[in-house]
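Input sequences plus hints: build the corresponding full structure.
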Amino acid sequence: MRVLGIETSCDETGIAIYDSELGLLSHQLYSQVKLHADYGGVVPELASRDHVRKTLPLIRAALKEASSSAADIDGVAYTAGPGLAGALLVGAAIGRSLALAWQKPAIGVHHMEGHLLAPMLEANPPAFPFLALLVSGGHTQLVAVAGIGQYQLLGESIDDAAGEAFDKTAKLMGLDYPGGPLLAKMATAGNPTAHRFPRPMLDRPGLDFSFSGLKTAAANVIAKAGTDDQARADIAASFQQAVVDTLVAKCERALQQTGLNRLVVAGGVSANTSLRQQLAVLLQQRGGQVFYPRKEFCTDNGAMIAFAGHQRLVAGQQQDLAIAVQPRWPMEQLSPI
Amino acid sequence: MVEANRVQAVNRFQISLLDEAVTQQVAARLAHLLPEQAVLFLQGPLGAGKTTLSRGLLQALGHQGAVKSPTYTLVEPYHLATRQIYHFDLYRLTDPEELEFIGGRDYFSDQAICLIEWPERGLGFLPEPDLVLALSYQADVDEPLRTLSIHGQSELGRSIVTTMSAHEER
Chain A
1 MRVLGIETSC DETGIAIYDS ELGLLSHQLY SQVKLHADYG GVVPELASRD
51 HVRKTLPLIR AALKEASSSA ADIDGVAYTA GPGLAGALLV GAAIGRSLAL
101 AWQKPAIGVH HMEGHLLAPM LEANPPAFPF LALLVSGGHT QLVAVAGIGQ
151 YQLLGESIDD AAGEAFDKTA KLMGLDYPGG PLLAKMATAG NPTAHRFPRP
201 MLDRPGLDFS FSGLKTAAAN VIAKAGTDDQ ARADIAASFQ QAVVDTLVAK
251 CERALQQTGL NRLVVAGGVS ANTSLRQQLA VLLQQRGGQV FYPRKEFCTD
301 NGAMIAFAGH QRLVAGQQQD LAIAVQPRWP MEQLSPI
Chain B
1 MVEANRVQAV NRFQISLLDE AVTQQVAARL AHLLPEQAVL FLQGPLGAGK
51 TTLSRGLLQA LGHQGAVKSP TYTLVEPYHL ATRQIYHFDL YRLTDPEELE
101 FIGGRDYFSD QAICLIEWPE RGLGFLPEPD LVLALSYQAD VDEPLRTLSI
151 HGQSELGRSI VTTMSAHEER
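Here the protein sequences come in this chain order: A and B. Numbering of the first sequence is given in UniProt numbering, commencing with residue 1 and proceeding in unit increments. Numbering of the second sequence is given in UniProt numbering, commencing with residue 1 and proceeding in unit increments.
Check each hint, because a few of them may be wrong.
To be verified - Only part of the chain B face toward chain A is listed, based on derived beta-carbon distances under 8 Å:
id : residue
1  : R29
2  : L46
3  : S69
4  : T71
5  : L74
6  : P77
7  : Y78
8  : T94
9  : D95
10 : I102
11 : G103
12 : A139
The hints are simulated quantities; they were obtained by calculation from the structure and are not laboratory data. As the structure is a computational prediction, the values presented were derived from the model and not from experiment. We put the beta carbon where it would ideally sit given N, CA and C, even for glycine.
Structure follows, in structure tokens:
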């Protein structure tokens, strides 16, 4: 079965084609391609979240990359939530309509299920069950994954996401938004014990996170530090250490609590070197293993939607004709396959 | 606990937010003066307390549970028993026109309270505010000081400010 996947839940427009036999055949992200030809010349940069004008040209590009035509597509998957209603509706309307026109089944996919299953696109996929840490600019969640559609949300951020704390602290240090990766780079030259920033919610039981107070604590130190490079690097390193310590400690607590020994880490922050080092140590100590999707599938993309939709379509699930989205959609409401 | 001084007659006044508890109290008083439809702009630099103030408003109106930052999602909807509230953060908009792509018009025409952080990034595509809540934050001192100034910009806004400033003077 060959499935077209469409992701338009927030900022990115992502399109991909996944095949049961051949695996991932193509994936396109708006920022990676030039759509000029489709407009007959040079056009100004399309605004972010202008999914309407990006989706169809990207679908054409994905079909071309997969050496496929519409007739080769056996099903269409699109992100149906959670996300921005207006953004979701674009992908849902286009995906549902194409499937109807092509007389093929369609399926609405949960965006976070896409992220959870993304490491299964790799050569060494994790076996079920596993623990997943989703950590990005928009999410910080710990999820126990028993199988496809069998998710238990163990904990999440009650305010800012970890990646958001990185980006906002970077901004407070004068870096362009989103400057999280730059802040992490700056941290390599700093002393992580120079400042003792709070490890939010480590002193309390449970698996929820809170990063908004950490940003405020950093703001106070940054304002006093001035422009000295070493002082700034020390703040960056101490800040990063506080975030990483918190993430790693909660992962350890969740592994302990669930008895799992496989950990999947996805989301933009999973690229952080310090986080990867500490998680490697943790899982080694516990005799477990940590899995990451490849870098381009850590952030929002169409491949994870094509893959997750493929699993559900192959199992016989499909959507009726309604173009329906769920901006708020708890993961626990998903059906198993 | 709350130090208030009236800057102008009735359409503007200022409060020192000494700690989070005071912020919650002020937010709660404001929340109970809001009708079903109102537009509030929240201004102030990163870390000034805009989301904390929004959290106080939402909780005072009956929301239980977390108030997540809307920075990534741009808008978080809350359907409460007595009120519909949309909490916006427009920080990540690069062009005000993007509000059209996320369905801004639908939100603003709803019978709802719109709390809008970083409204300056959406100018031209936003409705006129009833109230502007401006937070300032002095971080380079030992005891960081937050100040909230409230400006009424419509008849509704001015009447809310009048009521609140009368309360502060008692």
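Status of each hint after checking the structure:
{"no.": "1", "hint": "R29", "result": "23 Å, violated"}
{"no.": "2", "hint": "L46", "result": "6 Å, holds"}
{"no.": "3", "hint": "S69", "result": "5 Å, holds"}
{"no.": "4", "hint": "T71", "result": "5 Å, holds"}
{"no.": "5", "hint": "L74", "result": "6 Å, holds"}
{"no.": "6", "hint": "P77", "result": "7 Å, holds"}
{"no.": "7", "hint": "Y78", "result": "10 Å, violated"}
{"no.": "8", "hint": "T94", "result": "6 Å, holds"}
{"no.": "9", "hint": "D95", "result": "5 Å, holds"}
{"no.": "10", "hint": "I102", "result": "5 Å, holds"}
{"no.": "11", "hint": "G103", "result": "3 Å, holds"}
{"no.": "12", "hint": "A139", "result": "4 Å, holds"}
Hint violations for this structure: numbers 1 and 7, all remaining hints satisfied.
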